[in-house]
Amino acid sequence: MFKEEFHGNLEEFFISKIFKIPEYQRPYSWEKKNWEDTYNDIKDVIEGGNGDIDHYWGTITLFNTKKRIEEGGRTFTV
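Numbering follows numbering that gives the first Met the number 0, in which position 66 of the sequence shown is assigned residue number 65; successive positions increment by one, without gaps.
In short, the hints are calculated from the structure, not lab data.
Relax, there's no trap hidden among the hints.
Here are the in silico distance ranges between beta carbons for each label pair:
#1 K32 / E11: 26 to 32 angstroms
#2 K31 / E10: 22 to 28 angstroms
#3 E30 / H6: 30 to 36 angstroms
Owing to the predicted nature of the structure, the values given are computational and were not obtained by experimental measurement.
Glycine residues also receive a C-beta, built at the ideal position from the N, C-alpha and C atoms.
Whole structure, please, built from the sequences with the hints as guidance.
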(Lines of atoms letter the chains of each structure in order from A and count residues from 1; the text may use other names and numbers.)
(Lines give C-alpha, C1' and ligand atoms only; values in the text may rest on other atoms or scores of the structure.)
Protein backbone atom coordinates (compact mmCIF):
# COMPACT_ATOMS: atom_id res chain seq x y z
CA MET A 1 0.00 0.00 0.00
CA PHE A 2 1.37 3.42 -0.98
CA LYS A 3 1.38 5.93 1.85
CA GLU A 4 1.44 9.66 1.30
CA GLU A 5 1.28 12.32 3.98
CA PHE A 6 -0.81 15.45 3.57
CA HIS A 7 0.87 18.57 4.90
CA GLY A 8 -1.59 21.41 4.98
CA ASN A 9 -4.43 22.90 6.92
CA LEU A 10 -8.03 21.71 7.08
CA GLU A 11 -9.24 24.34 4.65
CA GLU A 12 -6.80 23.11 1.99
CA PHE A 13 -7.85 19.53 2.70
CA PHE A 14 -11.61 20.08 2.53
CA ILE A 15 -11.88 22.84 -0.10
CA SER A 16 -13.77 21.90 -3.27
CA LYS A 17 -14.66 18.44 -2.02
CA ILE A 18 -18.01 16.89 -1.23
CA PHE A 19 -18.15 14.35 1.58
CA LYS A 20 -20.80 11.66 1.90
CA ILE A 21 -21.50 9.18 4.67
CA PRO A 22 -21.69 5.74 3.01
CA GLU A 23 -24.99 3.88 3.27
CA TYR A 24 -23.32 0.92 4.98
CA GLN A 25 -22.32 3.12 7.94
CA ARG A 26 -24.22 2.25 11.10
CA PRO A 27 -27.35 4.47 11.06
CA TYR A 28 -27.27 5.25 14.78
CA SER A 29 -23.77 6.65 14.41
CA TRP A 30 -24.87 9.44 12.10
CA GLU A 31 -28.00 11.02 13.44
CA LYS A 32 -28.35 14.72 12.69
CA LYS A 33 -26.58 15.73 15.89
CA ASN A 34 -23.56 13.54 15.03
CA TRP A 35 -22.95 14.90 11.56
CA GLU A 36 -23.74 18.45 12.70
CA ASP A 37 -21.09 18.13 15.44
CA THR A 38 -18.52 16.89 12.92
CA TYR A 39 -19.44 19.58 10.38
CA ASN A 40 -19.31 22.32 13.02
CA ASP A 41 -15.91 21.09 14.26
CA ILE A 42 -14.52 21.32 10.73
CA LYS A 43 -16.15 24.71 10.13
CA ASP A 44 -14.89 26.15 13.44
CA VAL A 45 -11.31 25.09 12.74
CA ILE A 46 -11.39 26.51 9.19
CA GLU A 47 -13.09 29.76 10.18
CA GLY A 48 -10.79 30.20 13.17
CA GLY A 49 -8.02 30.93 10.70
CA ASN A 50 -5.69 32.32 13.35
CA GLY A 51 -4.42 29.01 14.71
CA ASP A 52 -6.15 29.48 18.08
CA ILE A 53 -8.47 26.50 17.68
CA ASP A 54 -7.05 23.02 18.14
CA HIS A 55 -8.94 19.84 17.41
CA TYR A 56 -7.70 16.26 17.65
CA TRP A 57 -8.84 14.32 14.59
CA GLY A 58 -6.97 11.10 15.16
CA THR A 59 -5.74 9.23 12.13
CA ILE A 60 -7.29 10.07 8.78
CA THR A 61 -6.75 7.51 6.05
CA LEU A 62 -7.42 8.32 2.40
CA PHE A 63 -8.13 5.50 -0.03
CA ASN A 64 -7.38 7.17 -3.33
CA THR A 65 -8.81 4.45 -5.57
CA LYS A 66 -12.20 4.61 -3.92
CA LYS A 67 -11.85 8.26 -2.95
CA ARG A 68 -12.82 7.42 0.58
CA ILE A 69 -11.66 8.95 3.83
CA GLU A 70 -11.83 7.01 7.05
CA GLU A 71 -11.47 9.04 10.21
CA GLY A 72 -11.50 6.88 13.29
CA GLY A 73 -14.78 4.97 13.13
CA ARG A 74 -16.27 7.40 10.64
CA THR A 75 -16.01 7.02 6.88
CA PHE A 76 -16.50 9.77 4.33
CA THR A 77 -16.67 9.43 0.55
CA VAL A 78 -15.06 12.20 -1.50
